[in-house]
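K.L.:
Now for the letters of each chain:
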Amino acid sequence: MLNKLTLKQALDKLDKKEIKLTEVYQDVEQAIKELNPSLNIYLTKNGQALKESKTQQDLPLKGLPIAVKDNFCTEGIRTTASSKVLDNFKPVYDSTVSSLLKKAGGVIIGKTNLDAWAHGSSTETSDYGRTLNPRNPEHLPGGSSGGSAAAVAADTCIAAIGSETAGSIRQPSAWCGTVGLKPTYGRVSRFGVIAMASSTDSPGPIAKTVEDAAIVLNHLAGYDQYDGTTSTQKVPDFTKFLGKDIKGLKIGLTYLDIKGLEPIKAYYQAVAKILEDLGAKVSLVKAMDPTLAIGVYTVVQRGEVSSNLARYDGIRYGNDRSHFGNEAKRRIMLGTYTLSKGYADQYYNLAQKVRTLFIQDFNRLFKQYDCLISPTSPGFAKKIGASEGSSMFGELEDMLLEPSSITGLPGINVPCYHDPDTNLYLGLNIVAPMWREDLVIRVADAYEKATIWNSWRNN
Amino acid sequence: MKNYTTIIGMEIHAELKTQSKMFCGCKNDPFGAEKPNIYTCPVCLGMPGALPVANKKAIEWTIKLGLALHCKINLFSKFDRKNYFYADLAKGYQISQYDIPFCYDGYIDTSEGRVRITRIHLEEDTGKLLHKTVKGKKVSLIDFNRSGVPLVEIVTEPDIRSATQASEYAKKLRQIIRYLEIGDCDMEQGGMRLEANLSLSDDPKLMKDGKLDYSRLPKYKVEVKNINSFKFLEQAINFEVTRQQKVLEQGETPVQETRGFNAASNKTFSQRTKEEAADYRYFPDPDLAPIRFSEQQIKDLAATLPELADAKALRWQKEYQLEERYATQLTRKRSKAEWYEQIWQSAKQQKLKANDLAKALVNKKIKFKELSDQPKTILEAYLKTQQTEAVDPKELKKIIKQVLSQNPDAVAKYQAGKVQIIGFLMGQIMRELKKKINPQLVKTEVEKLLKTG
Numbered sequence: 001m002l003n004k005l006t007l008k009q010a011l012d013k014l015d016k017k018e019i020k021l022t023e024v025y026q027d028v029e030q031a032i033k034e035l036n037p038s039l040n041i042y043l044t045k046n047g048q049a050l051k052e053s054k055t056q057q058d059l060p061l062k063g064l065p066i067a068v069k070d071n072f073c074t075e076g077i078r079t080t081a082s083s084k085v086l087d088n089f090k091p092v093y094d095s096t097v098s099s100l101l102k103k104a105g106g107v108i109i110g111k112t113n114l115d116a117w118a119h120g121s122s123t124e125t126s127d128y129g130r131t132l133n134p135r136n137p138e139h140l141p142g143g144s145s146g147g148s149a150a151a152v153a154a155d156t157c158i159a160a161i162g163s164e165t166a167g168s169i170r171q172p173s174a175w176c177g178t179v180g181l182k183p184t185y186g187r188v189s190r191f192g193v194i195a196m197a198s199s200t201d202s203p204g205p206i207a208k209t210v211e212d213a214a215i216v217l218n219h220l221a222g223y224d225q226y227d228g229t230t231s232t233q234k235v236p237d238f239t240k241f242l243g244k245d246i247k248g249l250k251i252g253l254t255y256l257d258i259k260g261l262e263p264i265k266a267y268y269q270a271v272a273k274i275l276e277d278l279g280a281k282v283s284l285v286k287a288m289d290p291t292l293a294i295g296v297y298t299v300v301q302r303g304e305v306s307s308n309l310a311r312y313d314g315i316r317y318g319n320d321r322s323h324f325g326n327e328a329k330r331r332i333m334l335g336t337y338t339l340s341k342g343y344a345d346q347y348y349n350l351a352q353k354v355r356t357l358f359i360q361d362f363n364r365l366f367k368q369y370d371c372l373i374s375p376t377s378p379g380f381a382k383k384i385g386a387s388e389g390s391s392m393f394g395e396l397e398d399m400l401l402e403p404s405s406i407t408g409l410p411g412i413n414v415p416c417y418h419d420p421d422t423n424l425y426l427g428l429n430i431v432a433p434m435w436r437e438d439l440v441i442r443v444a445d446a447y448e449k450a451t452i453w454n455s456w457r458n459n
Numbered sequence: 001m002k003n004y005t006t007i008i009g010m011e012i013h014a015e016l017k018t019q020s021k022m023f024c025g026c027k028n029d030p031f032g033a034e035k036p037n038i039y040t041c042p043v044c045l046g047m048p049g050a051l052p053v054a055n056k057k058a059i060e061w062t063i064k065l066g067l068a069l070h071c072k073i074n075l076f077s078k079f080d081r082k083n084y085f086y087a088d089l090a091k092g093y094q095i096s097q098y099d100i101p102f103c104y105d106g107y108i109d110t111s112e113g114r115v116r117i118t119r120i121h122l123e124e125d126t127g128k129l130l131h132k133t134v135k136g137k138k139v140s141l142i143d144f145n146r147s148g149v150p151l152v153e154i155v156t157e158p159d160i161r162s163a164t165q166a167s168e169y170a171k172k173l174r175q176i177i178r179y180l181e182i183g184d185c186d187m188e189q190g191g192m193r194l195e196a197n198l199s200l201s202d203d204p205k206l207m208k209d210g211k212l213d214y215s216r217l218p219k220y221k222v223e224v225k226n227i228n229s230f231k232f233l234e235q236a237i238n239f240e241v242t243r244q245q246k247v248l249e250q251g252e253t254p255v256q257e258t259r260g261f262n263a264a265s266n267k268t269f270s271q272r273t274k275e276e277a278a279d280y281r282y283f284p285d286p287d288l289a290p291i292r293f294s295e296q297q298i299k300d301l302a303a304t305l306p307e308l309a310d311a312k313a314l315r316w317q318k319e320y321q322l323e324e325r326y327a328t329q330l331t332r333k334r335s336k337a338e339w340y341e342q343i344w345q346s347a348k349q350q351k352l353k354a355n356d357l358a359k360a361l362v363n364k365k366i367k368f369k370e371l372s373d374q375p376k377t378i379l380e381a382y383l384k385t386q387q388t389e390a391v392d393p394k395e396l397k398k399i400i401k402q403v404l405s406q407n408p409d410a411v412a413k414y415q416a417g418k419v420q421i422i423g424f425l426m427g428q429i430m431r432e433l434k435k436k437i438n439p440q441l442v443k444t445e446v447e448k449l450l451k452t453g
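Protein chains in written order, with our numbering: chain V, 1 to 459; chain D, 1 to 453.
Wrong hints could be hidden among the right ones.
[Said to hold, decoys possible] With a straight-line Cα cutoff of 27 Å, these simulated DSS-like cross-link-like pairs (lysine-lysine) come out: (1) K90/V x K27/D; (2) K128/D x K90/V; (3) K348/D x K336/D; (4) K211/D x K2/D.
No lab work stands behind these hints, which were simulated from the structure alone.
With the hints as extra help, turn the sequences into a complete structure.
P.N.:
Shown next, in the form of structure tokens:
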């Protein structure tokens, strides 16, 4: 059952020649064969994966199979963004992320399902059917990177790549009980990622452990000449921050007082206790109301979406606009409206100003705290069908993550509770100042190792 | 008959001749491309996930143009998305500048007055649509070689008052762009595109103390596009002025619209009505960080500006005592001007009059290879033309006397006071001499003989 290995375990065992790469592929392919028909994780499988892996074995990721969200352009492999508009689109170029993965020795095993165009937090609005939560198939995996989170949770890959616009890495990670790392905006190149909200889109790893996520991030982070919003900030070795204690770190616990979170409050108070036992100082903190971020995010994102989707006219590639799903159409209309003359000031421009207030609020908080924690999601993974008829489903589910997404901060989700009856998880969201992935990794790793919630560390 | 003032503002687009396009590394050579769609990439084709990265040189050249036109420079600037659909617009939006253009508040002086520059901004060009019939079917083909080419847009205040001033303004702008070596402005190649906004006013209070009273501008304006030459620009404006005047005289207001110019019929024609400005839903492009300049960076760019044509012509008049007409003509093109100046400098060194040389060169009295001959060669050729042969004073007197006797009427006129007639006599004498004699010498002798009879 080599598909159940973490990335670190697989790399070590391959190094020591305890296992063979072909054996890993055998088990991963077998898992995909068994689970994909029902869980609908992969939209496209890379038939050449095993063959490609043979030449990758001397590179850092040793040819191991990585799942990639289908909004990343992958050269020669169909890329749809889960939309019928791109049903037949095969890019002749790689996204920077897939190119870097390959350079590091990773092999793309397949393209995972998402909410069409990343518009959602359930993976139910995919034009290719919903993905089911491997932990409990009556429930949703979350979204929009639901396919990637499910791929990891179901051990149908060794690690995965997702992208977050406002919660799309962290929330499905929480619902599927995996680790999801959203880097600082500008840390990882967006070139070749089908744009949703250009000012917040952040590609990042979804993995089995914090260590795995740090390993993958090492290969993805850095300045890219093809993305003018990437930073020349020095990229540290993120694995250096693993296994460090968190003594003396000042951690602010936010959002617990938000209406609707009462059922899960206790779990996070328990988290706070663990962190204190580990030596950190945890205090309840009043941050700017995250429900205000919903308006900001909704307006800014849909404005940018309405512009970013304009290129899909079917003239140069893909199918014409009649193939857009309902959610995409809704967002295009709303975004166009909020940018229109006479309305832009009321909506788009005003939203951007409130966004600045969120930036200022975080700056204020980070003067006193090293990092901030909160629940990732207002509750457990919802049941199938939950997103239907609810056009603001995503925004409400992602409410606790939107403030850090719209301000470009790095954040991570680690599992922090497992319900033995439903097999579903709750997730802990850890957020730090821009460029401080070291802090989120350090705290997340310490918490993960001190608790029993990570299903790969605690089998 | 009322007196109408012509009110014209111009919008001119010029392609910058950077090596690569505005937001990607594709070759910037749309006109020279052998085939359509060979200078393309995911970025300028609007492929999924493609992102723009700004061309620094294009930005610097835009600032330089602004400085050359006496503009103020926005130290903080940005790119905005201009959203609209057209088949040649790959992304469904054009990256342009909305409210914070790189340059603003400048001017160009013309012989008919100053034309204020409202703004200069930088944007990307669209692809090109070609309407053809393929296999019996009418199709529209799109060539994206031009998609993403950097364009500067120069907008004026409505300060232009005539067709000739419009043409002069456009020519001056072209000259400056060429002098800066940032664009070729070849109109046939689409390297420079002219648009004029025209209206007429009969309001005597339109100008107040020499300044335009904006509150008194007409409530309409007509946009004229598709003008492919300076000559057509003047013709289009003249046609429009006549057309609008007729409408106004009937007590009606000309329709606010866009009109094209038909060179064959020499008329403008209606293309589409512009009841109000289109809504482009401008917002700052999130893919491009804002651009911040320091005062020092602008100063450094200003220091790289070459001397422009007007300034050079003035300096030549001062420094080399060149006549204005020669100075203007020979400074028209920068590379040529710089070559000519080498000649003036050599002339100065050799204590020759630069103007004499200019005159000789312009009138082609010397055979020369512009731009390649060395100043030394030119000077030698010139001096050769000035060389005079010696003449036997006896022979000179003989010929002079001969010509004077052959032209008694002329002699009589001279002695009656019409001294200019000496020119005619000189001509005859020089012809007879068949040698290159110093004309001053001859003239002195002729005058002597004429006086003494």
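K.L.:
Hints first: check each against the structure and report whether it holds.
P.N.:
So, going through the hints one by one against the coordinates:
no. : hint            : in the structure
1   : K90/V x K27/D   : holds, 25 Å
2   : K128/D x K90/V  : holds, 25 Å
3   : K348/D x K336/D : holds, 19 Å
4   : K211/D x K2/D   : holds, 21 Å
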